[in-house]
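**Student:** Spelled out from the first residue to the last, the chains are:
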Amino acid sequence: MAKVVEKAQQEKEALISGSEAIAVACKLADVDVITAYPIRPYDTVMQYVAKLVANGELDCEYIVAESEHSQFEIVKHASAAGARVFCGSSGVGWMYAFEALTVTPALRIPMVAMVGNRALDDPGAFGVEHNDALAVRDLGWQLVWVDNAQEALDTALIAYRVAEDRRVFLPCAIACDGAFLTHSQALTKIPPQEWVDAFLPPYNRGDLLLHPDNPITVAPQVNEDWLMELRKHNDEAMKRSKNAVIPEAYRDFERIFNRSYGNPFFEEYQTEDADIVLVGMGTLSMPVKVAIRQMRKEGKKVGFVRVRWFRPFPAEDLAETLGRFGAVGVIDRDYSFGSPHFSGVLATEVRAALYPAAKRPPVVGFICGLGGREVTVPDVRRVSEMVFKAAGGETQPFITWMGIRE
Amino acid sequence: MGRLFAVEIVYRGIFQKNLAKNISRGIALAAKHDGKVGISFGRYGDSPERNGIPAKNFAIVATDDETLQEGMAKYEPKEVDISISVDDTLCKGVESWAWYGLQPINRLLKPGGTLIVTTMHGADPIITMCHRKEFPYRLALLTSIPSFSGLWVYKDDHTDVRLLGAIAKVLPDLFSLTSVEKAIREEWHDELKVKSAQKAYERISTRVVSPAEGNPEKPYEFELPKWYELREGLAIPSIPAGKAMADPTTQQTGGFRPDRNPTFKKYATRTMRPVVDFDTCVKCTLCWLQCPDSCFDVTPDAYYDANMEACCGCGVCEAVCPVTNCITMVNETAFADNASQWEMWKKDKAGYQTWLQEKIQHKPERSHGFRIRGQYEQQIGTMVKDGIVDTGTSGAGG
Chain A
1 MAKVVEKAQQ EKEALISGSE AIAVACKLAD VDVITAYPIR PYDTVMQYVA KLVANGELDC
61 EYIVAESEHS QFEIVKHASA AGARVFCGSS GVGWMYAFEA LTVTPALRIP MVAMVGNRAL
121 DDPGAFGVEH NDALAVRDLG WQLVWVDNAQ EALDTALIAY RVAEDRRVFL PCAIACDGAF
181 LTHSQALTKI PPQEWVDAFL PPYNRGDLLL HPDNPITVAP QVNEDWLMEL RKHNDEAMKR
241 SKNAVIPEAY RDFERIFNRS YGNPFFEEYQ TEDADIVLVG MGTLSMPVKV AIRQMRKEGK
301 KVGFVRVRWF RPFPAEDLAE TLGRFGAVGV IDRDYSFGSP HFSGVLATEV RAALYPAAKR
361 PPVVGFICGL GGREVTVPDV RRVSEMVFKA AGGETQPFIT WMGIRE
Chain B
1 MGRLFAVEIV YRGIFQKNLA KNISRGIALA AKHDGKVGIS FGRYGDSPER NGIPAKNFAI
61 VATDDETLQE GMAKYEPKEV DISISVDDTL CKGVESWAWY GLQPINRLLK PGGTLIVTTM
121 HGADPIITMC HRKEFPYRLA LLTSIPSFSG LWVYKDDHTD VRLLGAIAKV LPDLFSLTSV
181 EKAIREEWHD ELKVKSAQKA YERISTRVVS PAEGNPEKPY EFELPKWYEL REGLAIPSIP
241 AGKAMADPTT QQTGGFRPDR NPTFKKYATR TMRPVVDFDT CVKCTLCWLQ CPDSCFDVTP
301 DAYYDANMEA CCGCGVCEAV CPVTNCITMV NETAFADNAS QWEMWKKDKA GYQTWLQEKI
361 QHKPERSHGF RIRGQYEQQI GTMVKDGIVD TGTSGAGG
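Protein chains in written order, with full-length UniProt numbering: chain A, 1 to 406; chain B, 1 to 398.
Among the clues, some could well be false.
[Claimed, not checked] Heads up, simulated EDC-like pairs for lysine to aspartate or glutamate below, C-alpha to C-alpha not over 20 angstroms straight-line:
id : chain 1 : residue 1 : chain 2 : residue 2
1  : A       : K232      : B       : E232
2  : B       : K226      : A       : E229
3  : B       : K74       : A       : E267
4  : B       : K78       : A       : D225
5  : B       : K78       : A       : E224
6  : B       : K346      : B       : D293
7  : B       : K226      : A       : E320
8  : A       : K232      : A       : D317
9  : A       : K232      : B       : D156
10 : A       : K359      : A       : E248
11 : B       : K21       : B       : E223
12 : B       : K169      : B       : E213
13 : A       : K232      : B       : E223
14 : A       : K232      : A       : E374
Calculated directly from the structure, the hints in this document are not laboratory data.
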């Protein structure tokens, strides 16, 4: 793995969107089979990939399917036959593929997909909510949220490295907030091909390869005597991903690309001396960071933890980190109707992660920015005020819908 | 704690589905009139059923509700007081996808339990078919042509109530004949069926089968692997493509025998098997082409040999064969092994012809369930003539 890398090679800078950054990663990863079916905001990726193919920059099978279900089934089979694949969707398109999404981790297919986060219908809406990607959270999909184009590009390369590791062989979805990331162009460093080649070995499906020279039958029918043992395989693969493969991939990435992401699983922002901390995923990091800087000028020490990897979930690390603060405010860009305390998904997971921890600060939940509504700096300040109150011993509601008209 | 009873009904999928359900429901209802509680259920793994594939229904009865709970929320009981085989060919062993290889018909029987078989045969040929058991058990025979119908039709030949009468005789602790009569009146409102149950109660007799009797073959066994011993990715080795066959007389090789799953055989589905007259075969290929299970091996001399490890007994080959009496479906009980007919023919053609004529002379003596129109009516006539069932038109009966 540890090839000597020619550091003299230079990265090139380009003004590209988060979607285009993922398309560039597909090119750098030399993806073999890509399937497409349009739905906003994912469709931006398929357009950029189509352009790369048309320009002769990427040599791959590019198949426009007749639905998302077929889109994901086609790459699933291609991956079983040894192809590096890319796929993606958004909102209800992702949900239409759901049956294919369930069988993909079960068959240990290292598919990499991009979910352009979009509200689920109805009503028809295309702003960001995280419920689409979160729907697969229990099925063996690895889920990672990114918040800028550079991270989208880098994480896509890391996703291939992690998913295709024989110890893992589980699919990985990169979640990108619709509009704020998928449709917004930013200066992004594009690494030279040699670095990517040193980082990302070829996909080797080994004894699971569907090929006439390796006659196997995949996905038999089983009864109660077998299924539990087979589920355990995926449980162990997810553990290996979390405990070994993801940390290894980020270490190698830093060594080869000279760019560090710190803790692979979550970003810590101004947490060193913080009294309270906010937690969230995706592009809401932007207004949160701005608000934190404002508040720090006023002497309010607020920090931020941006969760990248939701699956596998870094429960121990995160609990230890959050235990350092007086109170925790979790901002969910999702809903989970009827869930414990009627919270968001992330808040519930954070509470579960903290339960066995030695230090358990109060967790205040917020649902914010649904349907692509902007999360504003005043929103974040109001959130922080409530979390400060909680840290001061004043009981706060388990969940507050922030930014709703009332 | 009270006493728990378990009865299994082993039957042919679809063809005997309603029959099996009637029997297991009848047991639970008769038990109710005996002051007991019971449940009736089909084995989940058999659903949805396929034509002719061995399937199971169960009746669990207890002396009280709490004891009954021991028998609930289970796929099947670990042991049974009575196994009922409603088709004698099932005595060769049963296999469904939920099981692992061919399993003995008497596998679940407790020591001293009773196997009840509906058959036109006597005890000796039935015992020969059944696998040996390490302890003695009892065998009871109910004279009957296998009662086959379908998913949407029911041949009401009284096999259901006759078996209820038989149970009252062989296991009176479960329920009395009086309780059976009450259950029949309540469920079917039919005095003639009551009479059939009474007659079966009077006629049924049992004999003890010793551990030295029966088929000595050891059933397929293996240990379920631990999770880390299983291959990842839900992948299992494929069955290889197949290879040429060898002529037992000339050692010439040629033709093609597809490799088949060595563990999961399909012949437990078979109730009749094709017998091929190679002397009249015109090698038209139709049987080989049309067989839905690809069970025909192609021999080096270009004949088509129905491989009895793979044949499900559907009778399509007989139906499509253009030569009169070239392929004849014969009752599976007439055969003791799955040997190749073509090899037998190659080694001794005159001897084979004698063997073949002996086998096909009884045609048709039963149904394989798939297609023969009018056969049920013929069979009912035979059963009435032989006094097996009573239509109620001949006076007192009994």
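**Student:** Determine for every hint whether it applies to the structure shown.
**Tutor:** Verification of the hints:
1. A:K232 x B:E232: OK: K232 of chain A and E232 of chain B at ~10 angstroms, within 20 angstroms.
2. B:K226 x A:E229: Holds, at about 7 angstroms.
3. B:K74 x A:E267: violated (50 angstroms)
4. B:K78 x A:D225: Holds, at roughly 15 angstroms.
5. B:K78 x A:E224: With Cα atoms ~15 angstroms apart, K78 of chain B and E224 of chain A stay inside 20 angstroms; holds.
6. B:K346 x B:D293: Violated. K346 of chain B to D293 of chain B sits at ~25 angstroms, over the 20 angstroms cutoff.
7. B:K226 x A:E320: violated (35 angstroms)
8. A:K232 x A:D317: violated (23 angstroms)
9. A:K232 x B:D156: Roughly 49 angstroms separates the two Cα atoms, so the pair is violated.
10. A:K359 x A:E248: The hint is violated at about 29 angstroms.
11. B:K21 x B:E223: Distance ~33 angstroms between K21 of chain B and E223 of chain B Cα, so the pair is violated.
12. B:K169 x B:E213: violated (24 angstroms)
13. A:K232 x B:E223: Since the Cα atoms of K232 of chain A and E223 of chain B sit roughly 19 angstroms apart, the hinted pair holds (cutoff 20 angstroms).
14. A:K232 x A:E374: violated (41 angstroms)
The structure is inconsistent with the numbered hints 3, 6, 7, 8, 9, 10, 11, 12, 14, although it conforms to all the rest.
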